[in-house]
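Chain by chain, the residues:
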Amino acid sequence: MAVFSLWVINKAGGLVYQKDFPAASKPDGLAVLTSNEYLVLAGTLHGIHAITSRLSPIGPSSGAEVIEGETFKMTIRLTPTGVSTLSFTTKPN
Amino acid sequence: MTIYSLYIYDRHCACIYYHDWHRLKKPKPANEGVLLPNVTKGDVSNPRNTLNTTSGVVVASGETQLPSAGPSATAGNALPFDEEAKLVYGVLLSLRNMVKKLSGREETFVCYRTSNYKMQLFETITGYKFVMLTDPSAANDLVRNGLRQIYIGPFLDHVVRNPLITMDSRESGIDNDLFRAGVDRIVRHVTIFS
Chain A
229 MAVFSLWVIN KAGGLVYQKD FPAASKPDGL AVLTSNEYLV LAGTLHGIHA ITSRLSPIGP
289 SSGAEVIEGE TFKMTIRLTP TGVSTLSFTT KPN
Chain B
20 MTIYSLYIYD RHCACIYYHD WHRLKKPKPA NEGVLLPNVT KGDVSNPRNT LNTTSGVVVA
80 SGETQLPSAG PSATAGNALP FDEEAKLVYG VLLSLRNMVK KLSGREETFV CYRTSNYKMQ
140 LFETITGYKF VMLTDPSAAN DLVRNGLRQI YIGPFLDHVV RNPLITMDSR ESGIDNDLFR
200 AGVDRIVRHV TIFS
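Top to bottom, those sequences are chains A and B.
Under this note's numbering, the first residue of the first sequence carries the number 229, and numbering increases by one thereafter.
Under this note's numbering, the first residue of the second sequence carries the number 20, and numbering increases by one thereafter.
Simulated from the structure, these hints should not be mistaken for lab results.
A virtual CB, placed ideally from N, CA and C, is assigned to each residue, including glycine.
Check the hints yourself; a few may be wrong.
[Claimed, not checked] Below 27 Å or equal to it, Euclidean Cα-Cα: the simulated BS3-like pairs (lysine-lysine) are:
(1) A:K301 x B:K119
(2) A:K301 x B:K120
(3) A:K239 x B:K105
(4) B:K119 x B:K105
[Said to hold, decoys possible] Listed below are several chain A residues computed to face chain B (Cβ distance under 8 Å; list not exhaustive):
(5) Q246
(6) L269
(7) S289
(8) E296
(9) T299
(10) V311
[Claimed, not checked] Estimated spans, in silico, between C-beta atoms of each pair:
(11) A:A240 x B:S156: 29 to 35 Å
(12) B:E190 x A:L234: 32 to 38 Å
(13) A:G242 x B:H31: 31 to 37 Å
(14) B:D187 x A:A240: 37 to 43 Å
(15) B:H208 x A:T307: 38 to 44 Å
(16) A:P250 x B:K120: 16 to 22 Å
(17) B:L175 x A:P250: 42 to 48 Å
(18) A:E298 x B:H31: 45 to 51 Å
(19) A:K319 x B:K120: 32 to 38 Å
(20) B:P155 x A:K239: 21 to 27 Å
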């Protein structure tokens, strides 16, 4: 399992840290976007994380912890202080 | 593997079908006049509903009888059904665009998981989105296959090929008895074989 990228988002939803790791094999990896686009995406994710905890069909739930596409997955960890850490990895099969 | 609920959205971003099974926290009734008719049924005498029957039930806007809500009805933060359907769609659309943007390729969003539930998406080329909420341990392949079976079977037979239902209308959902029974049959089949 390879890690593509690591983001840290603060309590207000702003992206405060980002590090990309170059993909080992050619077809994998994330697109390179401008820093503004990363800021917007991080803010959107922060909002989605909050909404997903409200949509639970069975009582209180955490926000989204894993979001999967076809070739990569995103893991979100929320600390008790409100800072979230995201990591983008390949999907182990 | 427990399946909680199924939403179907069309390309006009409207919820055209809703079906739930083991949902504990029922939504409040939809606000009047907002929900399209023929999306879901009132579930007052539903034999599957073994939980508290005096809690809020999902009511389409055409229904006039609302059961008198008991004292246990709706915790303060239960959302009305139409708002909840819109939120589900919003989350879905945002995540789909985000996944496409981040990967740079034509990548589709598949699912997300929280501590309590997992939401899976199956989208057709015609723009119909089948969204299913299950328990977190559900295998992706099984649920995706189940959604595909719903599309290939009941959806094509009882909705697309049904002359009484106008698809892509902005005024009506696609609820009918045959479709509902077909969906129920497939979902129970999926849950047994897991």
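| query | Taking 8 Å as the limit, does the beta-carbon of T299 of chain A come near enough to a beta-carbon in chain B? | reply | With Cβ-Cβ at 6 Å, under 8 Å, it holds.
| Between E298 of chain A and H31 of chain B, is the Cβ distance one that fits in 45 to 51 Å? | violated, 26 Å
| request: Kindly confirm whether 32 to 38 Å is satisfied by the beta carbon distance between E190 of chain B and L234 of chain A. | output: violated, 48 Å
| task | State, for the Cβ atoms of D187 of chain B and A240 of chain A, whether the hinted interval 37 to 43 Å holds or is violated. | result | Once the Cβ atoms are compared, 41 Å apart, the range 37 to 43 Å for A240 of chain A and D187 of chain B holds.
| message | K301 of chain A and K120 of chain B were given as a pair; does the straight-line alpha-carbon distance stay at or below 27 Å? | response | holds, 14 Å
| message | Less than 8 Å between beta-carbons is the criterion; does S289 of chain A satisfy it with respect to chain B? | response | holds, 4 Å
| request: Check the following: the C-beta atoms of L175 of chain B and P250 of chain A are separated by a distance inside 42 to 48 Å. | output: Since L175 of chain B and P250 of chain A have Cβ atoms about 45 Å apart, the given range 42 to 48 Å holds.
| Does the hinted range 16 to 22 Å hold for P250 of chain A and K120 of chain B at CB? | Check passed, 19 Å falls within 16 to 22 Å.
| Does 31 to 37 Å hold as the CB distance between G242 of chain A and H31 of chain B, or does it fail? | holds, 34 Å
| query | Was the hint right that E296 of chain A lines chain B, CB cutoff 8 Å? | reply | holds, 5 Å
| Do H208 of chain B and T307 of chain A keep their Cβ atoms within the hinted range of 38 to 44 Å? | For H208 of chain B and T307 of chain A the Cβ distance comes to about 41 Å; the hint holds.
| Do the numbers back the hint for L269 of chain A, that is, is its least Cβ distance to chain B under 8 Å? | With a minimum Cβ separation of about 6 Å from chain B (threshold 8 Å), the hint on L269 of chain A holds.
Violated hints, in rising order: 5, 10, 12, 18 and 19; the structure is consistent with all others.
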